[in-house]
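Undergrad: One line per chain: the protein sequences are A and B, in this order. Here the first sequence is numbered in this note's numbering, starting from 54 and rising by one per residue. Here the second sequence is numbered in this note's numbering, starting from 1076 and rising by one per residue.
Since the hints were made in silico from the structure, they are not lab data. Quantities reported herein were computed from a predicted structural model and do not represent experimental measurements. Virtual Cβ for every residue (Gly too), placed ideally from N, Cα, C. Check each hint, because a few of them may be wrong.
Unchecked claim - BS3-like mimics (lysine-lysine), calculated; alpha carbons at most 30 Å apart, straight line:
hint: 1; chain 1: A; residue 1: LYS302; chain 2: B; residue 2: LYS1081
hint: 2; chain 1: B; residue 1: LYS1258; chain 2: A; residue 2: LYS227
hint: 3; chain 1: B; residue 1: LYS1305; chain 2: A; residue 2: LYS227
hint: 4; chain 1: A; residue 1: LYS302; chain 2: B; residue 2: LYS1258
hint: 5; chain 1: B; residue 1: LYS1149; chain 2: B; residue 2: LYS1201
hint: 6; chain 1: A; residue 1: LYS302; chain 2: A; residue 2: LYS227
hint: 7; chain 1: A; residue 1: LYS330; chain 2: B; residue 2: LYS1339
hint: 8; chain 1: B; residue 1: LYS1159; chain 2: B; residue 2: LYS1090
hint: 9; chain 1: A; residue 1: LYS103; chain 2: B; residue 2: LYS1258
hint: 10; chain 1: A; residue 1: LYS303; chain 2: B; residue 2: LYS1339
hint: 11; chain 1: A; residue 1: LYS302; chain 2: B; residue 2: LYS1159
hint: 12; chain 1: B; residue 1: LYS1189; chain 2: B; residue 2: LYS1257
hint: 13; chain 1: A; residue 1: LYS302; chain 2: A; residue 2: LYS330
hint: 14; chain 1: A; residue 1: LYS303; chain 2: B; residue 2: LYS1351
hint: 15; chain 1: B; residue 1: LYS1084; chain 2: A; residue 2: LYS227
hint: 16; chain 1: A; residue 1: LYS303; chain 2: B; residue 2: LYS1257
hint: 17; chain 1: B; residue 1: LYS1351; chain 2: A; residue 2: LYS302
hint: 18; chain 1: B; residue 1: LYS1257; chain 2: A; residue 2: LYS227
hint: 19; chain 1: A; residue 1: LYS227; chain 2: B; residue 2: LYS1299
hint: 20; chain 1: A; residue 1: LYS330; chain 2: B; residue 2: LYS1351
hint: 21; chain 1: B; residue 1: LYS1081; chain 2: A; residue 2: LYS227
To be verified - Only part of the chain A face toward chain B is listed, based on derived beta-carbon distances under 10 Å:
hint: 22; residue: LEU91
hint: 23; residue: GLY182
hint: 24; residue: GLU255
hint: 25; residue: PRO295
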Amino acid sequence: MEAVHFDNVRYSYREEGGEYAVNGVTLTVREGEFVAVLGRNGSGKSTLAKLINALLEPTSGTVTVFGMDTLDEKKTFEIRKNAGMVFQNPDNQTVASIVEDDVAFGPENIGLPREEIGKRIDFALKAVGMEQFRHATPSRLSGGQKQRIAIAGVLAILPKIMILDESTAMLDPKGRREVMEVVRRLNKEQGMTVILITHFMEEALQADRAIVMHNGEVVMDGAPEEIFARSEELESYNLTLPRAAYICKKLQEAGMSVGNAFTAEELAEEICGSLQKG
Amino acid sequence: MRIVAKGLKYVYNPKSPFASTALDGVDIEIKEGEFFGIIGHTGSGKSTFVQHLNALLKVSEGYLKIGEYDLAEKKCNFLELRSKVGMVFQYPEYQLFAETVEKDVAFGLKNFRKELNEEETRAAVKEALETVGLDWNAVKDASPFELSGGQKRRVAIAGVIVTKPEILILDEPAAGLDPLGKKELMELLHSIHGGWCKTIVIVSHDMDEIAENCTRAAVFSAGKVVMEGKPSEIFSRADELLSLGLDIPVTAKCARILQSRGIKIGTDFTCDDFVKQVLALRGKGGERDDE
Chain A
54 MEAVHFDNVR YSYREEGGEY AVNGVTLTVR EGEFVAVLGR NGSGKSTLAK LINALLEPTS
114 GTVTVFGMDT LDEKKTFEIR KNAGMVFQNP DNQTVASIVE DDVAFGPENI GLPREEIGKR
174 IDFALKAVGM EQFRHATPSR LSGGQKQRIA IAGVLAILPK IMILDESTAM LDPKGRREVM
234 EVVRRLNKEQ GMTVILITHF MEEALQADRA IVMHNGEVVM DGAPEEIFAR SEELESYNLT
294 LPRAAYICKK LQEAGMSVGN AFTAEELAEE ICGSLQKG
Chain B
1076 MRIVAKGLKY VYNPKSPFAS TALDGVDIEI KEGEFFGIIG HTGSGKSTFV QHLNALLKVS
1136 EGYLKIGEYD LAEKKCNFLE LRSKVGMVFQ YPEYQLFAET VEKDVAFGLK NFRKELNEEE
1196 TRAAVKEALE TVGLDWNAVK DASPFELSGG QKRRVAIAGV IVTKPEILIL DEPAAGLDPL
1256 GKKELMELLH SIHGGWCKTI VIVSHDMDEI AENCTRAAVF SAGKVVMEGK PSEIFSRADE
1316 LLSLGLDIPV TAKCARILQS RGIKIGTDFT CDDFVKQVLA LRGKGGERDD E
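I would like the entire structure built from these sequences, with the hints used as guidance.
TA: Printed below as a string of structure tokens:
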């Protein structure tokens, strides 16, 4: 099933048009897919994300979420229930002084009964591994913990799609790992459709599919390994290879017979194999 | 100017139920001319420490001297110190405020160097903007908010280096930038290191960045410095770093796996050196230690 569909979508931040931040994007994301969106600063990634849950309306073309047109105002509420969004700065996404109240904010807004909200909080906090912090104060949590609370807040409305807009950018490596683990688990175990915008090439490797945006257009689309095998093209869009892939490429260029590797583990495997062959 | 801290302690909300010890006896020495890295996970005390360096936090216990400035001394000339120890915060572009780039960069300078006339101020601002790689004529009258993310960050850095600080401290300078932006920013820091600013101190979560750029680094954990040395020394203690919940560079991860397979590789953990060392092993047929 199509979770998100873009049909020749353009978006301009200027009223009179011109300078399209998203420029003629046609794209389908299937339910259950884990898609990473890459691209330099200003390439249109965040605009693309905001078009999905009707925070922005396309200047031309159509965006549908599970068949619902984002231009149809009657559907806006339903679309946002289905497509939850987590932003970059955890501090800007906290609305309450107690974790459970913060997570309850979404379900309260969609008018759920009290008992149901309680259940949703239990489920969401458990899903992100934060159930022991139910009565904690968000401001006293670490960045990774706060971001997991933000994810829980989105989960509590039971969306089918989760959009993360550079949600790990401000976190330390541990916080980043925590968030990525939660996201991966939601995708694998609950079939959540995930759209992950990131500058970390290593994170893109965890996705099923990677999309590269440049000047508002989708210029590459494929399995992350396929994308990273086209390193020159990638560099022309101001992106770099994951470091392990970069080292691997250098070894290949020096004439060492190593196969493509994208992670430290794969690289070690290739080097081992090559050295032992002699 | 050399930075020396001994037994530096700091407690937030002391004598209250919320008291929390952020620094628990920090001993560190950062020599003039270093490109120093500070590593540690959230809450390890690294930000509290760097905030001491230009006296945003005052020394409450212990010893901290930067060059001739004794920061534990009440009579210390903090204004002068702050013009010599520049601080660039995380996401510094959020602090831009003036209508034009020129006014924004001039703001700090005017506060520190009141004796400068308009012409001198303008010349200094121009030099700072050109140093961070911006075209003076193109940006001077522009609103800082119209610039791209990478350009904004450069303007913010120009606003700090315009006083020609001897020591420049940057908290996560490359966070949130795209890969090329990161690379360019690190190149910028190297270009001002040694000349414009003698010493550079960066706080970073990116271990690859530390391995590639720093002369030495310190690892903070629970308010103390638990490791200090060259990146090659620090990252050869991968197991300790991992047990502290920290990451290690990709090169170190790879070297660690190779080592477990009996392939020993000596490297400084930069990508280029790692490639060189692997290529050197070739031909030896992945010779094992015991052979």
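Undergrad: Keeping to a limit of 30 Å between CA atoms, is the pair of B:LYS1305 and A:LYS227 held or broken?
TA: holds, 23 Å
Undergrad: Take the C-alpha atoms of B:LYS1081 and A:LYS227, compute the straight-line distance between them, and say whether it is at most 30 Å.
TA: holds, 29 Å
Undergrad: Within a Cα-Cα threshold of 30 Å, do B:LYS1257 and A:LYS227 meet the stated pairing?
TA: holds, 21 Å
Undergrad: If you take the shortest Cβ to Cβ gap from A:GLU255 to chain B, is it below 10 Å?
TA: holds, 8 Å
Undergrad: For A:LYS303 and B:LYS1339, compute the direct alpha-carbon distance and say whether it is at most 30 Å.
TA: Holds, because 20 Å separates the two Cα atoms, which is no more than 30 Å.
Undergrad: Take the C-alpha atoms of B:LYS1258 and A:LYS227, compute the straight-line distance between them, and say whether it is at most 30 Å.
TA: Satisfied, since the Cα-Cα distance of roughly 23 Å is no more than 30 Å.
Undergrad: Given the hinted pair B:LYS1084 and A:LYS227, is their alpha-carbon gap at most 30 Å?
TA: holds, 25 Å
Undergrad: Does A:LYS227 lie within 30 Å of A:LYS302 when you go C-alpha to C-alpha?
TA: Answer holds: A:LYS302 to A:LYS227 is near 28 Å, not above 30 Å.
Undergrad: Need the status of pair A:LYS330, B:LYS1351: alpha-carbon distance at most 30 Å?
TA: Cα-Cα ~19 Å, so holds.
Undergrad: Compare the distance between the alpha carbons of A:LYS302 and A:LYS330 with 30 Å, and conclude whether the hinted pair is satisfied.
TA: The given pair, whose Cα atoms are some 19 Å apart, holds under the 30 Å limit.
Undergrad: Straight-line Cα separation of A:LYS302 and B:LYS1159 no greater than 30 Å?
TA: violated, 43 Å
Undergrad: Do the alpha carbons of A:LYS330 and B:LYS1339 lie within 30 Å of each other, as the hint requires?
TA: Between A:LYS330 and B:LYS1339 the Cα gap is close to 17 Å, so the pair holds against 30 Å.
Checked against the numbered hints above, the structure breaks hints 1, 5, 8, 11, 12 and 23 and satisfies the rest.
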